[in-house]
Structures are given as C-alpha cells and as structure tokens.
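Please model the entire structure based on the sequences and the hints provided.
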Amino acid sequence: MHEISIAESILEIADEQARAQHARSIQLIKLRLGEFTTIVREALEFAFEIARQGTLAEHAVLEIERVPILVRCAVCDKATQPVAGICLICTVCGFPMEILSGEELQIEYIEVETEEEWSQWNRSQKEVPREQQSESLSRPTS
Amino acid sequence: MEPITEGSAARTTERISVQTNVLNANQQTAAENRQMFEDRNLLVINLMSAPGAGKTTLLEATIRSLEGRCRLAVIEGDLQTDLDAQRIQALGVRSHQITTGTVCHLDARMVARALAVFPVDELDLLVIENVGNLICPASFDLGESLRVVVCSVAEGAEKPRKYPVMFHKANVVLINKIDLAMASDVDLEELEANIRSINPNATVFKLSSRTGVGLSDWTDWLQHAVATRRANVMVGA
Ligand SMILES: [Zn+2]
Numbered sequence: 770m771h772e773i774s775i776a777e778s779i780l781e782i783a784d785e786q787a788r789a790q791h792a793r794s795i796q797l798i799k800l801r802l803g804e805f806t807t808i809v810r811e812a813l814e815f816a817f818e819i820a821r822q823g824t825l826a827e828h829a830v831l832e833i834e835r836v837p838i839l840v841r842c843a844v845c846d847k848a849t850q851p852v853a854g855i856c857l858i859c860t861v862c863g864f865p866m867e868i869l870s871g872e873e874l875q876i877e878y879i880e881v882e883t884e885e886e887w888s889q890w891n892r893s894q895k896e897v898p899r900e901q902q903s904e905s906l907s908r909p910t911s
Numbered sequence: 003m004e005p006i007t008e009g010s011a012a013r014t015t016e017r018i019s020v021q022t023n024v025l026n027a028n029q030q031t032a033a034e035n036r037q038m039f040e041d042r043n044l045l046v047i048n049l050m051s052a053p054g055a056g057k058t059t060l061l062e063a064t065i066r067s068l069e070g071r072c073r074l075a076v077i078e079g080d081l082q083t084d085l086d087a088q089r090i091q092a093l094g095v096r097s098h099q100i101t102t103g104t105v106c107h108l109d110a111r112m113v114a115r116a117l118a119v120f121p122v123d124e125l126d127l128l129v130i131e132n133v134g135n136l137i138c139p140a141s142f143d144l145g146e147s148l149r150v151v152v153c154s155v156a157e158g159a160e161k162p163r164k165y166p167v168m169f170h171k172a173n174v175v176l177i178n179k180i181d182l183a184m185a186s187d188v189d190l191e192e193l194e195a196n197i198r199s200i201n202p203n204a205t206v207f208k209l210s211s212r213t214g215v216g217l218s219d220w221t222d223w224l225q226h227a228v229a230t231r232r233a234n235v236m237v238g239a
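Heads up: the sequence lines are chains W and P, in that order. For what it's worth, our numbering labels the leading residue of the first sequence as 770, then goes sequentially. For what it's worth, our numbering labels the leading residue of the second sequence as 3, then goes sequentially.
These are calculated hints, taken from the structure and not from any lab test. Hints are supplied without guarantee of correctness; some may be wrong.
Stated by the list, open to error - Restraint ranges, calculated between C-beta atoms of paired labels, are given here:
| # | chain 1 | residue 1 | chain 2 | residue 2 | range |
| --- | --- | --- | --- | --- | --- |
| 1 | P | Arg-96 | W | Arg-835 | 41 to 51 Å |
| 2 | P | Cys-72 | W | Gly-863 | 33 to 43 Å |
| 3 | P | Thr-102 | W | Gly-823 | 20 to 30 Å |
| 4 | P | Gln-91 | W | Gly-863 | 46 to 56 Å |
| 5 | W | Ala-789 | P | Thr-102 | 27 to 37 Å |
| 6 | W | Thr-860 | P | Asp-84 | 41 to 51 Å |
| 7 | P | Asn-234 | W | His-828 | 47 to 57 Å |
| 8 | W | Pro-865 | P | Asp-189 | 21 to 31 Å |
| 9 | W | Phe-864 | P | Asp-189 | 32 to 42 Å |
| 10 | W | His-828 | P | Ala-12 | 15 to 25 Å |
| 11 | P | Glu-191 | W | Phe-864 | 19 to 29 Å |
As the list claims (entries may be wrong) - What the simulated footprint calls covered on chain P by chain W, stretch by stretch (three residues with Cβ under 8 Å from a Cβ of chain W suffice, anywhere in the stretch; the number is not a length):
| # | region |
| --- | --- |
| 12 | 18 to 28 |
| 13 | 134 to 147 |
| 14 | 160 to 169 |
| 15 | 173 to 184 |
| 16 | 191 to 205 |
Said to hold, decoys possible - Here are some chain P residues pointing at chain W (derived, C-beta under 8 Å):
| # | residue |
| --- | --- |
| 17 | Arg-13 |
| 18 | Thr-15 |
| 19 | Gln-37 |
We put the beta carbon where it would ideally sit given N, CA and C, even for glycine.
Structure below.
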C-alpha cells in the first residue's frame with residue numbers, strides 16, 4: 770500500500786499551496802495519473818479518504834484523470850497505444866520503443882476556498898512590485 | 003467564480019495551478035543521495051524482488067564471490083525483522099537494518115538517514131536490499147546507480163508482464179533458480195523474451211545461487227562495474 774505515502778505527499782503539496790494563498794479549505798485536487806505507474810486508483814482514493822482527515826482537504830474531492838500509455842518507436846517513428854499487454858518492442862520494425870505518456874503522477878491544480886477580503890488582499894499583493902512588498906506583508910485585520 | 007456568502011463572511015473559490023509531480027520531494031532527496039555516491043565514486047545497487055525470489059540468498063552468494071575483490075556494505079529494508087541483516091553480518095559484512103514497519107518500500111529519505119551511520123568513504127559497493135515487493139519500490143528512486151531486479155524461475159514466465167513498471171525500470175534482471183526450470187515447467191527463453199518485451203535494454207543474467215551455475219557471470223560483471231566506477235577516482239585525481 771504505497772498509495773498511503775502517495776496520498777500523504779499529495780496532501781502535503783496541496784496544503785503548502787493552499788496555505789500560501791491563505792485558503793480556509795481545499796475543495797478539490799486535480800491529479801493526472803498515468804496508466805504506466807504502480808498506483809492503483811481505488812487504493813489511492815481509499816488512502817486519500819483516510820489521510821485527508823484533520824487537514825485543510827478534509828472535505829476535498831480527489832479528481833483523477835487517467836493518462837493512457839502512448840509509446841513511440843525511436844527508429845520508425847510510429848506512435849501507438851498498446852492495447853493488449855505492454856510490449857515496448859515495435860511491432861512494425863522490432864526496435865525498442867520509448868514511453869511518451871502514461872508515467873504521470875502530477876497535481877494539476879487545486880481549488881481552494883478563501884475569505885473574500887483575503888482573496889482581494891492577495892490580488893492586491895500581486896500588483897505591488899517586489900521591493901515594496903516587505904512593508905505591506907503584515908496580515909490585514911478584519 | 004461567484005463568491006459564496008455564508009453568514010457575514012464572503013467566501014470565494016479559487017483555482018490554483020500546481021503542476022507538481024507528487025514524488026518531487028523523494029526525487030530531490032534521491033538526487034542528493036546520488037550526488038553523494040557520485041562524489042565518492044561509490045556504486046550503489048537497489049536490489050528488488052518479490053518475496054521468495056531468493057534475494058537474500060543471492061546476495062549472500064554474491065558477497066562470498068566478491069570477497070577480497072571489493073569493500074561492500076548492505077542496507078537491509080525489512081518490514082519487521084532484522085533476520086536478513088543478521089544473515090549478512092554473519093558473513094563479516096557490515097549491514098544496517100531499516101525497519102519500515104507498515105511501509106512497503108524504502109524511500110530516499112530512509113536511505114539518506116541510514117547513510118549517516120555508514121562509512122561511505124571506505125566502500126566500493128553499497129547494496130540496498132529493498133523490501134520484498136515488485137510494486138511499491140518501483141515508484142521510489144533511492145539515488146542508486148543500478149536497479150537490479152531478481153526474478154525466480156519458480157514465479158512463472160508471466161511475471162514480467164504482470165509487473166511491467168518494475169521490469170521496465172530495471173537496469174539488470176537476474177533470473178534466479180534456473181535449476182528449478184524443469185520442475186517449475188517454465189521455459190527460460192519465454193521468460194527472457196517477456197523481460198525483453200518490456201525492457202529491451204536490460205542486462206539479463208540466468209543463474210542459480212543454490213548451485214552456483216551462472217553466478218560468476220553476474221559477479222564478474224558487478225566487479226567490473228565497481229572497478230569502472232572506481233576508475234573515475236583515478237581519472238579525477
Ligand atoms: Zn519501429
């Protein structure tokens with residue numbers, strides 16, 4: 770069950786990003802998961818449900834996009850999607866093939882909930898040039 | 003997105019682009035480990051297999067064969083016991099046990115921590131015996147120089163097709179227990195072809211650590227790899 774370690778890593782990354790935006794909670798985590806990985810989707814979803822308890826992502830949806838395996842022959846340049854089993858030897862010319870996609874394990878984006886004033890404050894911070902930011906970094910009072 | 007009002011506090015949902023590989027943290031630590039090994043011209047192998055493939059017995063036979071030829075040490079990953087580490091120590095080889103508890107693989111951080119108690123400067127070869135498992139360890143780079151997968155004949159010819167990621171990422175595949183091919187009704191050629199279909203670039207050895215058949219092909223190759231890595235010291239010095 771390495772899916773537990775993976776789920777914890779997902780939450781760690783999402784949490785760091787959410788806190789940087791002063792988010793109250795994480796609503797959604799969008800993950801791209803290649804078919805040529807050792808991650809079992811159901812096991813990951815199960816591990817995520819356990820690992821998210823007590824975090825900013827306590828009620829978050831884990832949205833998983835499956836990325837199919839796509840391979841390309843380095844010699845004859847034919848790109849194919851293997852259907853039956855995984856064979857990385859080109860059926861056309863017999864040379865080894867490289868994997869173009871299917872090894873992804875990537876967080877694309879997260880959706881977070883922020884207080885309106887925070888979100889306005891964040892936006893205003895982005896407009897302030899870097900050198901002036903240090904003076905205005907104190908938290909806004911509500 | 004429209005702000006959602008709840009009580010008096012206005013809330014809003016925002017999308018934050020992340021674009022981050024989930025295994026980034028592990029890969030960073032693995033890169034640090036790898037740099038440390040390269041700085042010392044230390045060859046490191048990550049030895050993986052399913053439970054029962056004969057990994058520890060093969061390691062014992064390898065150690066006996068390399069005796070006097072190189073200075074080696076072993077990091078043992080195990081869920082609970084230190085039985086394997088004891089077997090290695092019995093051969094007079096320094097070994098360190100990482101007990102993973104419920105975790106089914108070693109990660110780069112565990113190895114980095116173990117390195118702190120290791121005389122890495124005095125070694126030519128470090129073997130990391132991973133937790134017996136063909137799935138989980140495949141995803142975790144430890145910073146090793148070579149990934150070596152042990153696959154026993156008794157597991158059947160289909161094994162590489164069932165665990166393609168592990169076999170695809172291997173640099174070396176050791177087909178072990180070839181003395182059991184007849185008894186297991188397994189065609190060695192078929193097994194090797196299945197490995198090649200997933201990993202055309204792997205170096206494959208067929209051997210039996212019990213009878214010793216084919217063992218020297220592997221250990222001579224390994225000795226050569228260690229010497230080649232060591233030669234970098236001479237060139238660099
Ligand atoms: Zn081709």
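Hints and how they fare:
no.: 1; hint: P/Arg-96 / W/Arg-835: 41 to 51 Å; in the structure: 45 Å, holds
no.: 2; hint: P/Cys-72 / W/Gly-863: 33 to 43 Å; in the structure: 38 Å, holds
no.: 3; hint: P/Thr-102 / W/Gly-823: 20 to 30 Å; in the structure: 24 Å, holds
no.: 4; hint: P/Gln-91 / W/Gly-863: 46 to 56 Å; in the structure: 47 Å, holds
no.: 5; hint: W/Ala-789 / P/Thr-102: 27 to 37 Å; in the structure: 32 Å, holds
no.: 6; hint: W/Thr-860 / P/Asp-84: 41 to 51 Å; in the structure: 48 Å, holds
no.: 7; hint: P/Asn-234 / W/His-828: 47 to 57 Å; in the structure: 53 Å, holds
no.: 8; hint: W/Pro-865 / P/Asp-189: 21 to 31 Å; in the structure: 23 Å, holds
no.: 9; hint: W/Phe-864 / P/Asp-189: 32 to 42 Å; in the structure: 25 Å, violated
no.: 10; hint: W/His-828 / P/Ala-12: 15 to 25 Å; in the structure: 19 Å, holds
no.: 11; hint: P/Glu-191 / W/Phe-864: 19 to 29 Å; in the structure: 21 Å, holds
no.: 12; hint: 18 to 28; in the structure: holds (count 11)
no.: 13; hint: 134 to 147; in the structure: holds (count 5)
no.: 14; hint: 160 to 169; in the structure: holds (count 4)
no.: 15; hint: 173 to 184; in the structure: violated (count 0)
no.: 16; hint: 191 to 205; in the structure: holds (count 6)
no.: 17; hint: Arg-13; in the structure: 5 Å, holds
no.: 18; hint: Thr-15; in the structure: 5 Å, holds
no.: 19; hint: Gln-37; in the structure: 22 Å, violated
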